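Given these sequences and hints, build the entire structure.
One point on numbering: in the UniProt record's numbering, the residue at position 103 of the sequence shown is 103, and numbering is uninterrupted.
Keep in mind that a hint or two might mislead.
Label pairs and their calculated CB-CB ranges [to be verified]:
(1) A21 <-> I108: 48 to 54 Å
(2) K65 <-> P22: 18 to 24 Å
(3) E31 <-> S6: 21 to 27 Å
(4) A21 <-> L100: 32 to 38 Å
(5) K106 <-> E84: 23 to 29 Å
(6) R39 <-> E84: 41 to 47 Å
(7) Y67 <-> R30: 53 to 59 Å
(8) S29 <-> L100: 27 to 33 Å
(9) N34 <-> D76: 45 to 51 Å
(10) L16 <-> D133: 44 to 50 Å
Below are the EDC-like pairs computed for lysine to aspartate or glutamate, each with C-alpha atoms no more than 16 Å apart in a straight line [what the hints assert, rightly or not]:
(11) K65 <-> D87
(12) K106 <-> E120
(13) K118 <-> D133
(14) K65 <-> E84
(15) K65 <-> D85
(16) K106 <-> D133
(17) K106 <-> D87
(18) K106 <-> E84
What the hints contain is simulated information worked out from the structure, not anything from laboratory work.
If you're wondering where the values come from, they're calculated on a predicted model, not measured in any experiment.
Even glycine gets a Cβ: it sits at the ideal position worked out from N, Cα and C.
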Amino acid sequence: MVEASSPGLETARLMLSFVNAPLYKKGESREIENRAYVRYRNRVENGKLQTYGMNNPTFASSSQKGYTAGLAADGDYDSYWQPEDKDISAYWTLDTERRLDLHRVKAIFSGLANYRFKVEISSDNIVWQTIGDTVIFPER
Numbered sequence: 001m002v003e004a005s006s007p008g009l010e011t012a013r014l015m016l017s018f019v020n021a022p023l024y025k026k027g028e029s030r031e032i033e034n035r036a037y038v039r040y041r042n043r044v045e046n047g048k049l050q051t052y053g054m055n056n057p058t059f060a061s062s063s064q065k066g067y068t069a070g071l072a073a074d075g076d077y078d079s080y081w082q083p084e085d086k087d088i089s090a091y092w093t094l095d096t097e098r099r100l101d102l103h104r105v106k107a108i109f110s111g112l113a114n115y116r117f118k119v120e121i122s123s124d125n126i127v128w129q130t131i132g133d134t135v136i137f138p139e140r
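Here it is, written out as structure tokens:
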């Protein structure tokens, strides 16, 4: 039986049944002591934050041939994502596949141009929160 509890929430219990599993034998089978759940916390290691994004799943509104969404997260500065020219509401999404404490977002663009972009975050892909809305590399 697995039991999960948390202050303020109703305790939940789940009974697991195994097919063709070895039978429990008192005095012979391994005994496991009850232990409290320890919440995982992402820590700074050796003074450096962990980074995410490289080779994570990506999604885009469109892509030009040879410039697919995944190229924007492959770690190669010579490859990049390019939306179709007719895509007037282009977007690119990176799925970190985990919940993060976000400290910084770094985007590198190819060439000098007038890039307008918005950075949004979501934990469910339904409700989005804007964390950056900017224009960079203005034409000189």
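So, going through the hints one by one against the coordinates:
Separated by about 52 Å at the C-beta atoms, A21 and I108 satisfy the suggested range of 48 to 54 Å. One distance hint, 18 to 24 Å for the beta-carbon pair K65 and P22, is violated here, with the actual separation near 55 Å. In this structure the hint that E31 and S6 lie 21 to 27 Å apart at CB holds, the actual value being about 26 Å. Evaluation of the 32 to 38 Å hint for A21 and L100 yields a pass: the beta carbon distance comes to about 37 Å.
Range check, K106 to E84: about 25 Å between beta-carbon atoms, so the 23 to 29 Å window is met. For the pair R39 and E84, the beta carbons lie near 44 Å from each other, so the given range of 41 to 47 Å is met. About 54 Å separates the C-beta atoms of Y67 and R30, a value consistent with the hinted range of 53 to 59 Å. At roughly 40 Å, the beta carbons of S29 and L100 sit outside the given window of 27 to 33 Å.
Judged by the Cβ atoms, the range 45 to 51 Å given for N34 and D76 holds: they are separated by roughly 49 Å. Separation of L16 from D133 is about 48 Å and conforms to the stated range, judged on CB atoms against 44 to 50 Å. A threshold of 16 Å between alpha carbons decides the hint, and for K65 with D87 the separation of about 14 Å falls inside it, so the pair holds. At roughly 13 Å between alpha-carbon atoms, K106 and E120 fall within 16 Å of each other, so this suggested pair holds.
Between K118 and D133 the CA atoms are separated by roughly 4 Å; this keeps the pair inside 16 Å, and the hint holds. Note on K65 and E84: the hinted pairing holds, with a Cα-Cα distance of about 9 Å set against a maximum of 16 Å. Distance check on the hinted pair: K65 and D85 sit about 11 Å apart at the alpha-carbon level, within 16 Å; holds. A distance of roughly 13 Å separates the Cα atoms of K106 and D133; the hinted pair therefore holds under the 16 Å criterion.
For the proposed pair K106 and D87, the alpha carbon gap of about 23 Å is over 16 Å, so the pair is violated. For the proposed pair K106 and E84, the alpha carbon gap of about 23 Å is over 16 Å, so the pair is violated.
In terms of the numbered hints stated before, the structure departs from hints 2, 8, 17 and 18, listed from lowest to highest.
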